[in-house]
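For the protein sequence lines, the chains are A and B, in the order given.
Anchor point for the first sequence: position 141 equals 145 in this note's numbering, and the numbering is continuous, going up by one each time.
Anchor point for the second sequence: position 99 equals 495 in this note's numbering, and the numbering is continuous, going up by one each time.
Possibly wrong hints are sitting among the right ones.
Reference excerpt, derived from the structure (chain B facing chain A, CB under 10 Å, subset only) [as the list claims (entries may be wrong)]:
1) 464
2) 486
3) 488
4) 495
Think of the hints as simulated: they come from the structure by calculation, not from any bench.
For clarity, every value in this text was computed on a predicted model and none was experimentally measured.
We put the beta carbon where it would ideally sit given N, CA and C, even for glycine.
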Amino acid sequence: MSYNFTILSPLDVPLFTHEFGTSRSGGDGIARFTSTERAQNPFILHSALDIVEEVQWGPSSTSGSAPMYLKHIDKYQNNFISCWITGGNVRFLLLTRPRDEALGLTQGGGQRGSLAGGRAGLGGGSGLYNPTSPATEEAVKNFFVDVYENWVKTIMNPFFAVGNGEVVKSPVFRARVAAAAKKYL
Amino acid sequence: MSGAPNQTPGLRYPSNKKTIYDRNLNRSKNAELSRAAFAYLFVEMISYAQQRVRGIADLEKRLNTQGYPLGLRLLDLLLTRTANPLSSIRPTRILPLLQFIAQTLWRHLFARPADALERSESDSSQYMLFDNEPLVNQYISLPREMSQLNCAAFVAGIIEGVCDGAGFATEGVSAHSVAEQEGGGGEKEKSAKGAELWPGKTVFLIKFKQEVLEREEILGRG
């Protein structure tokens with residue numbers, strides 16, 4: 005299972021991107037995107053931003069506050085997108101691409117019939133990947149909470165121009181995101 | 397936009413190998429700042445701005461700009477410190493946002509909530525936040541030719557930062573001294589009485605943009 009995590013400013017400027025793979029059940033934590041998929045990811049993420057803007061204000065009968073975790077908001081082919089929106093309107097988007105790891109071992113990069121059938125049937129790897137299951141949502145939420153804490157620490161830096169679209173360059177931040185990914189995803 | 401980290405041969409760590417990410421966010425939750433230190437710094441900020449501008453409006457604008465990034469940061473920080481961090485919520489309507497400012501933000505900055513929050517009768521996009529004795533003005537004395545200046549423009553900048561960060565674009569947040577008898581109609585009598593008791597009483601006028609009001613209406617109807 006491969007992930008692409010992006011942080012976008014309220015003006016849709018990407019501030020940080022990180023790719024990783026799952027570390028669960030023997031995964032090695034390395035993303036397995038083909039080069040076409042990797043090129044497509046930014047488009048998929050940006051197109052999900054429209055949905056974020058629609059959903060971020062909460063259900064219309066809200067009492068005046070909406071949760072920060074927007075859960076699973078979009079799906080494109082085999083990619084699932086979840087979102088967390090911070091108090092300052094900064095978006096954390098996580099693109100999940102479930103993939104059959106076993107297939108990668110048997111036929112090197114080949115497209116097997118079952119994989120094609122798997123895509124149509126929303127299956128992939130060991131059983132169906134259900135993005136709205138409580139376990140998945142919980143894991144993704146914990147990941148987002150961790151990254152959010154590190155994000156708040158980043159913006160507390162008086163030399164970091166919040167709201168001006170400044171990119172996060174700190175290798176420490178990247179290491180922290182990777183550690184959170186390893187822990188929860 | 398690639399995911400590869402930049403090479404930073406110049407990245408240096410302090411001698412105890414701790415970065416800003418090792419600091420606990422709640423570390424300064426109950427910390428207090430020396431008032432004298434703040435007053436000293438604030439006076440320097442005003443004279444710094446004064447040397448570079450001509451006119452009161454520019455000076456207030458400078459103070460506003462200095463407070464703006466504080467608002468952006470405080471919004472996120474105070475939201476993380478609210479009761480239950482795992483059920484994080486953010487304000488999506490005007491009234492909860494203003495209450496957040498008047499209560500949580502004011503308590504964080506001045507150790508007391510703001511005194512009053514009203515919606516202007518004449519202009520529905522304008523909200524007024526009253527503070528009887530703004531802390532920032534305590535050690536500032538205004539010369540007669542500058543009596544229209546209100547240095548709480550700095551706090552107005554903080555409020556503007558919070559509103560903009562939360563997605564409620566404002567046309568501007570300005571600070572006015574109530575003693576000037578501003579405001580129309582029934583508000584005038586109230587402000588007159590207020591001005592006698594609290595000579596430094598300040599009103600923060602928050603004017604939201606049209607799209608914010610439209611969204612508010614749509615959300616209210618739904």
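May I ask you to test the interface hint for residue 488 of chain B with respect to chain A, counting a Cβ-Cβ separation under 10 Å as satisfied? holds, 5 Å
Satisfaction of the residue 486 of chain B interface hint, Cβ to chain A closer than 10 Å: This hint holds: residue 486 of chain B lies near chain A, its Cβ roughly 5 Å from the closest one there, short of 10 Å.
Can residue 495 of chain B be said to touch chain A, with a Cβ gap under 10 Å? Holds: closest Cβ of chain A sits about 9 Å from residue 495 of chain B, inside 10 Å.
When the least beta-carbon distance from residue 464 of chain B to chain A is tested against 10 Å, hint result: holds, 8 Å
Consistency note: the structure conflicts with none of the earlier hints.
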